[in-house]
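One line per chain: the protein sequences are S and F, in this order. Counting along the first sequence from 1, when you hit position 311 you're at 311 in UniProt numbering, and nothing is skipped either side. Counting along the second sequence from 1, when you hit position 270 you're at 270 in UniProt numbering, and nothing is skipped either side.
Think of the hints as simulated: they come from the structure by calculation, not from any bench. A couple of the hints might just be wrong.
Computed list of lysine to aspartate or glutamate pairs in DMTMM-like fashion (alpha-carbon distance at most 25 Å, straight line) [as the list claims (entries may be wrong)]:
hint, chain 1, residue 1, chain 2, residue 2
1, F, Lys-103, F, Asp-178
2, F, Lys-254, S, Asp-228
3, F, Lys-103, F, Glu-88
4, S, Lys-103, S, Asp-51
5, F, Lys-103, S, Glu-204
6, S, Lys-254, F, Asp-228
7, S, Lys-103, S, Asp-55
8, S, Lys-254, F, Asp-280
9, S, Lys-103, F, Glu-204
10, F, Lys-254, S, Glu-204
11, S, Lys-254, F, Asp-257
12, F, Lys-254, S, Asp-150
Covered, in the sense of this in silico footprint (three residues per stretch, anywhere, with C-beta under 8 Å from a C-beta of chain S), are these stretches of chain F [stated by the list, open to error]:
hint, region
13, 25–33
14, 98–108
15, 143–150
16, 181–192
17, 196–208
18, 257–263
19, 270–281
Please read all numbers here as calculations on a predicted model, not as lab measurements. Note that beta-carbon positions come from the ideal geometry of N, C-alpha and C, so glycine has one too.
2 protein chains.
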Amino acid sequence: MTTPSETQVCVLGLGLIGGSLMRAAAAAGRTVFGYNRSVDGAQAATFDGFDASTDLDAVLRRAAETDALIVLAVPMPALAIMLTHIAETAPHCALTDVVSVKKAVHDEVRAAGLLPRFVGGHPMTGTAHSGWTAGDAGLFRGTPWVLTVDEHVDGQVWTTVMELALSCGAVVVPARSDEHDAAAAAISHLPHLTAEALAITAAEIPLAFALAAGSFRDSTRVAATAPDLVRAMCEANQADLLPVLDHTIELLTKARDSLARRRSVAELVDAGHSARIRYDSFSRPDIMAITIGAENWRDELAAAGRAGGVIRSALPTRDSRR
Amino acid sequence: MTTPSETQVCVLGLGLIGGSLMRAAAAAGRTVFGYNRSVDGAQAATFDGFDASTDLDAVLRRAAETDALIVLAVPMPALAIMLTHIAETAPHCALTDVVSVKKAVHDEVRAAGLLPRFVGGHPMTGTAHSGWTAGDAGLFRGTPWVLTVDEHVDGQVWTTVMELALSCGAVVVPARSDEHDAAAAAISHLPHLTAEALAITAAEIPLAFALAAGSFRDSTRVAATAPDLVRAMCEANQADLLPVLDHTIELLTKARDSLARRRSVAELVDAGHSARIRYDSFSRPDIMAITIGAENWRDELAAAGRAGGVIRSALPTRDSRR
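With these hints in hand, go ahead and build the complete structure from the sequences.
This is the structure:
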């Protein structure tokens, strides 16, 4: 059996994230090949010296023959059809994804009968750009890469995916799919919606763009993301996004009333400052003392991730112990 | 008479903005001296080789004797008392400010009887830090620095203040005080409030800080600003902040309902993306063909600023023409 770090990597979808992953894995010395639906993207990747094809069936046969780790890097709407092909051609490969919403992906993977070899993933990175040409081998360096530790997860597959994330330079954060989705709603999907609202509001004020500087640029940066990507992640995470959106609207409405009646935004500003300061001092201890595959390993990893812990170098697995 | 660029600069308040201005003006070869209320700040500035004092009366007498340009760089609540001292000791000096809200400052200056020699100013820059030690001579480089062109404004004083902003490396945006305040509400004060709300919302979700990456960091960056400063600018701009805050709440509420009922955030996301793209392509033509002090010069500058124009090198003034 190959060790995890020798496992070949098969990337399906060579956009910003998939394309960056292909570059990062190759830079780390991994054998990596991939599929892209558009000829343009596949040709650009090939031109840059990578092993890319538009022939999904051939790519999946190769994945099955080499027992590769398959990485789903397609947008949410393309996931179901991709999973159908995998179930037909490469059902025994280890499988992960880099799509943002974890419960929705989990449900699709289960529907395709591929859950036993699946570990969900989500690198917490990105830019406002998309496509192969926007990719960057350094995109994952130092960023949190969530790997799911739901009940069904297999230790060997988890180790294989952990090795990929670490070889791309990321730090691994273990989390339950449902906890990931609630957190992603608050720290990613919600800021996208406020960025859109701020951009629209400013665009209607004469002189606003003329004066716009750091506060506006930073707070609306993600509004430059392709609308389809923003919609896909927000709408797929509807159930977790609604409560945090409601909470933010409620906070702003209370501040509005306080500003109108008492000319004060003290309550919002004091609480916001203290929350942001807590974030700035949030510590990220290394997770080191957990063995993958040992009793309760999933629960222990989920608890460690919740407490801020990250995996910076490969954890031992039960099967690798002597 | 001294030319504007030979005018000495007297900075009142050596915090982030005043302290950066002192450094930038000195780096540009200007003679600059200043006052700071706290002994610590004045001593730190003196230690760094600058001409700083805690003796307000002595500093203002020197400003009067040298016909210096006085720059008000104190927080809004300290403005009235500072203006009283200026009116007593240095009432004939050219006067500007770097406080964020322009109508409120204008009203205070008028109440002190100092309007004839006053031009309001607002460098659109800052960091989340404060105090002398946070200052940076490069803070203004390339950033828009608003100078007011209200009806009362004197051409000679305007030229003097324009020269200061340009020598600090800024580009000058001419604007009416009321238009400035409406724009500042949309592009600065409002993003501070959304940043606070986003930080509070995320802080209540387990795992959120563990996953927080670029979107969250950028969208909440300004929540790290000292609460007193955020309150001072938001509360002083109550009248202009309320309508843009209402508009943003309305946009988010409509998106919330659409997400809940139709699982779609298309309307918000499409409009936000298009607004942000318009901002990214907003052009900043040079203002060159307007002479300060010529007929309708204030109206012409206000119109040019509204259209995105900036002053990158000193405009001629009527008195300087041969």
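Against the 25 Å threshold, does the CA-CA distance of S/Lys-254 and F/Asp-280 hold or violate the hint?
Not OK: S/Lys-254 and F/Asp-280 at ~32 Å, beyond 25 Å, violated.
Does the alpha-carbon distance linking F/Lys-254 and S/Asp-150 stay inside the 25 Å limit?
violated, 35 Å
Is it true that the CA of S/Lys-254 sits at most 25 Å from the CA of F/Asp-257?
holds, 19 Å
Run the distance test for F/Lys-103 versus F/Asp-178: straight-line Cα separation, threshold 25 Å.
The hint holds at about 6 Å.
Per the coverage rule (Cβ-Cβ under 8 Å, at least three residues), is the region 196–208 of chain F covered by chain S?
Coverage by chain S holds for the region 196–208 of chain F (13 residues, Cβ < 8 Å).
Distance restraint between S/Lys-103 and S/Asp-51, which requires alpha-carbon spacing of 25 Å or less
violated, 31 Å
Chain S over the region 257–263 of chain F, status - at least 3 residues with CB closer than 8 Å
holds (count 3)
If you look at each residue in the region 143–150 of chain F, do at least three have a Cβ nearer than 8 Å to any Cβ of chain S?
holds (count 3)
Given hint S/Asp-228 paired with F/Lys-254 - CA-CA distance at most 25 Å:
holds, 19 Å
Taken at face value, is the distance from the CA of S/Asp-55 to the CA of S/Lys-103 at most 25 Å?
violated, 29 Å
Taking 8 Å as the Cβ threshold, is the statement that the region 181–192 of chain F is covered by chain S upheld or broken by the three-residue rule?
It holds, with 10 qualifying residues against the three required.
Next pair to validate is S/Lys-103 with F/Glu-204; report whether the Cα-Cα distance is within 25 Å.
Holds. S/Lys-103 to F/Glu-204 sits at ~21 Å (cutoff 25 Å).
This entry does not satisfy hints 4, 7, 8, 12, 13, 14, going by the numbered hints stated previously.
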